[in-house]
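Turn these sequences into a full structure, and let the hints steer you where they fit.
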Amino acid sequence: MARMFHVALALEFARFGRRVEQRTLFPTELESEPSAGRALLIDEVENGIHYTVHAEFWKFVFRLASLHGIQVFATSHSWDCVQGFQIAATEASECEGMLIRIEKKDTSTNAVTFTEKELQIVSRDEIEVR
Amino acid sequence: MPARILLVEGSDDQHVIWALLGSRKVSQVFDVQPVGGIDKLLESLPVRLKASGLERLAVVLDADTNLDSRWQSISDILRNSGNGQLPKAPEKNGTLLTLATGIQFGIWLMPDNELPGMLENFVARLVPKSDTMMAHVDRFLSGIPEDARKFPAVQLPKASIHAWLAVQEAPGKPMGQAITATYLTADHDSVDLFIQWIDRALVK
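Residue numbers (the numbering used here), protein chains in the order written: chain V, 1 to 130; chain S, 1 to 204.
Simulated from the structure, these hints should not be mistaken for lab results. Beta carbons: idealized from backbone N, C-alpha and C, even for Gly. Treat the hints with caution; some may be incorrect.
To be verified - Restricting the straight-line Cα-Cα distance to at most 35 Å, the calculated cross-link-like pairs of lysine-lysine (DSBU-like) are:
hint: 1; chain 1: S; residue 1: K88; chain 2: S; residue 2: K173
hint: 2; chain 1: S; residue 1: K50; chain 2: V; residue 2: K59
hint: 3; chain 1: V; residue 1: K105; chain 2: S; residue 2: K25
As the list claims (entries may be wrong) - To spell it out: a stretch of chain V is covered by chain S in this simulated footprint if at least three of its residues, at any positions, have a beta carbon under 8 Å from a beta carbon of chain S; those stretches are:
hint: 4; segment: 93-99
hint: 5; segment: 106-120
Here you go:
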């Protein structure tokens, strides 16, 4: 299952960006373990994805995550990525999307969360959440 | 992301406030951002309070026909989004408070935190004492039969100030430009209170 997820996602990266061959795609442990109920971590998910196709890319990730029962955690600093994620999250009724900003405040580290509905406002009004 | 933001309903508010800040030489260490209407402003408020790097946020809203219900709706939004409790009523000199997140939050209800009304009621107070045209405007507006008037009575302050602006030396200047051109005076108690609130909420 994980292998299928991995291969399908790799193919999709190839469709969405030209620099795909330069990135290390996914954690290798996915290939060896059954993945249902597990999490996939993607660091700097925007790398290699053309800025015009983030929404399409995320729609694919949502579909695949739902199909294989995988929870995806992706990090990004990209506004295009946030907007693409928002569009896909709104559309994907089978999955829930959430944006979490990790921020340092004084000596503590806080998580600030944005629901899908809040992300629609973020995207519409271009509110800085990064 | 600017750390200090003044949110306003529309571009009229933005230009009036810019003109007042300019006339009073307020150091503009904050952005004045129009949101596109009261509904959008209230809807987006909890999300805007979570924007990254935000230290101070102030909002200027029309009290409209019912100041208490406008106040209550802001209060509900803040409470429901975990931002704490507003005082029972707005402070006369503009409300300021520190939210649970540490953000300094300010509220000004146009025209003066006490009366119902809108930006245009505030601007109407800036018509100079020596003015002779407002009497003509009043006669013009009151001469329009109610069944012929195309806008609801609640919009009369808007019609009045724009009709007044239409008959100035350069007819039809927008409100902000009319302040800069000194058709309207920024030398007024209402402006003093407003600028002092801006200063406390966003500058000092």
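Here's how the hints hold up against the structure:
1. S:K88 / S:K173: violated, 39 Å
2. S:K50 / V:K59: holds, 26 Å
3. V:K105 / S:K25: holds, 33 Å
4. 93-99: violated (count 0)
5. 106-120: Answer holds; 3 residues pass the 8 Å Cβ test.
Violation of the numbered hints given earlier is confined to hints 1 and 4; the remaining hints are satisfied by the structure.
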